[in-house]
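The listed protein sequences derive, respectively, from chains A and B. Mapping to this note's numbering: the first sequence position 50 is 50, numbers consecutive. Mapping to this note's numbering: the second sequence position 249 is 249, numbers consecutive.
A few of these clues could be false.
Remember, identical chains collapse to one label, so a pair may be satisfied in a single copy or spanning two.
Stated by the list, open to error - Okay, derived cross-link-like pairs now, SDA-like style, lysine to any residue, Cα gap no bigger than 25 Å in a straight line:
hint, residue 1, residue 2
1, K211, F164
2, K257, R109
3, K77, N102
4, K257, G101
5, K77, V212
6, K257, G34
7, K26, G101
8, K27, D129
9, K83, N149
10, K184, V264
11, K235, V69
12, K13, K70
13, K161, R109
14, K172, I239
15, K70, A41
16, K70, Y81
17, K44, E267
18, K283, Q105
Hints are computed from structural coordinates only; laboratory data are not their basis.
Protein chains: 2
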Amino acid sequence: MTRQELVANIRKKQSFLCVGLDTDLKKVPEHLLGEDDPIFAFNKAIIDATAPYCVAYKPNLAFYEAFGVKGLMAFEKTVKYLKQNYPDQFIIADAKRGDIGNTSQMYARTFFGEYNVDALTVAPYMGEDSVTPFILPPSVSPEGEGKKNHWVILLALTSNKGSFDFQLMEDKDGERLFEKVIRKSREWGNDENMMYVVGATRGEMFRDIRKVAPNAFLLVPGVGAQGGSLEEVCKYGMIEDCGLLVNSSRAIIYADKTENFAQVAAEKAKEMAEQMAKLINSK
Amino acid sequence: MTRQELVANIRKKQSFLCVGLDTDLKKVPEHLLGEDDPIFAFNKAIIDATAPYCVAYKPNLAFYEAFGVKGLMAFEKTVKYLKQNYPDQFIIADAKRGDIGNTSQMYARTFFGEYNVDALTVAPYMGEDSVTPFILPPSVSPEGEGKKNHWVILLALTSNKGSFDFQLMEDKDGERLFEKVIRKSREWGNDENMMYVVGATRGEMFRDIRKVAPNAFLLVPGVGAQGGSLEEVCKYGMIEDCGLLVNSSRAIIYADKTENFAQVAAEKAKEMAEQMAKLINSK
């Protein structure tokens, strides 16, 4: 999906919500456990209920891998279901991959070639040759010539406590690691194929992020269960074409654990989308 | 596997070789492609041929994931085959995972609980809470109380060109990122459950690594196809109980592409083991 298509969808829906599909069998409502594929059954119900209020879905691979072959089949079915029924949704495989060139190339084939997602989260620690295989031009992409472009979503400033350990490290010129990651990676990709993960938990940091990446899209976890503020994020991070995808996982998909779970998830997503519409219009 | 067991095996075999199982269907000898599971058939032949000369195997998950469900089944079968037939081999899942706490917990369950490997490579960018779920004490590990311990192998200084991008970043006190990663992570784990990835491509750096991690085991890629020198690595990196696992993947497993591939792989592994025996004995 191109940036233009993503932005058109944000404008149409007045929402920049991404729903995180961190589907854990231990948290799925009991009545689904008898289904052939309870993970997919849960995802399908959540997607059908929340799709009007969001523009992206982000399955986290850890949750699918934990259930081995069955989990991966559920992941694959979920991506296919989205592609077939909701082709305007942006699909992010949250896998935080990154390895030496020939290995990253294998991961790129898997996620963009086999699973056909729009974007993959990537860890920057190993540098350029671990990242660029994911942003090959369409002509040499695993999908072959002329196919739609893919996105790398590079970890910059994450929302967890451990983000303080290394990401804020400062060099002697005062540049912090997350800033260096963004600045350097802009030599490898551009605003049409590279986004950054920036946690919502420190809203004022978006001002610093916008200095190095004034026009990049940012994927923002940490609103909801992790305590970040949507208003702060938008105040400092929103740009003319929005430039934000705000993710919520647990606060939406596990808001209710009864047979009513999908409807409650829809209500939660709708609430967030309504807040987002106000914030878009106040800009 | 404990450090004591690993070291006993290194002493017995006079080798600290780790064979990387980066099994790519595109490089597997043609006569295997008719097998039910050519990836596993290739691995089994390589393992049977090389096991006398090595103490560890390191399947790289990217290569298995690239073949979807079939690839993962081949990975699982490979680990089981090793456990059953070569229980003294140390099994490293090279997956370079790392995510927020609840997600890393899921990955830990997958690799240590489901697949039952001895060690997992982990990327440090997200800090403490992304790493510690992998080094839970046995009593709360996914395998339950009293089970054997697991290892985290944290990326420190990798062997690829991109390692220059961020890993060598210096703070105002002159501490580099890879040193900070090692120093900080030693508050989370210890020499019995945490190793570090240090590439062989810059041998003299092992001196600096040994200043921060004098007694840690190091997993060393980059000898062979990537051009690192075994002598340099040992000169600066070897400690009393060896403290090194040197990996070779392509130079062993793809040394020959005929029906003779396993025998040639064994010869290559034997050559490396003989070099290693000399280096162990000259210390």
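Structure-based check of each hint:
1. K211 - F164: Both: 20 Å inside a copy, 24 Å across copies.
2. K257 - R109: between (36 Å within a copy, 23 Å between copies)
3. K77 - N102: between (27 Å within a copy, 24 Å between copies)
4. K257 - G101: Answer is between: at 23 Å across copies they meet the 25 Å cutoff, but 43 Å inside does not.
5. K77 - V212: Answer is neither: 38 Å inside a copy and 47 Å across each miss the 25 Å cutoff.
6. K257 - G34: Within one copy, since 15 Å is at most 25 Å while 48 Å is not.
7. K26 - G101: So K26 and G101 pass the 25 Å test across copies only (17 Å; inside, 36 Å).
8. K27 - D129: between (38 Å within a copy, 22 Å between copies)
9. K83 - N149: within (15 Å within a copy, 42 Å between copies)
10. K184 - V264: neither (42 Å within a copy, 42 Å between copies)
11. K235 - V69: neither (43 Å within a copy, 44 Å between copies)
12. K13 - K70: neither (34 Å within a copy, 39 Å between copies)
13. K161 - R109: So K161 and R109 pass the 25 Å test across copies only (21 Å; inside, 32 Å).
14. K172 - I239: Classified as neither; 31 Å inside a copy, 34 Å across copies.
15. K70 - A41: Classified as both; 13 Å inside a copy, 23 Å across copies.
16. K70 - Y81: Classified as both; 16 Å inside a copy, 21 Å across copies.
17. K44 - E267: within (16 Å within a copy, 53 Å between copies)
18. K283 - Q105: Classified as neither: same-chain Cα gap 40 Å, cross-chain 39 Å, threshold 25 Å.
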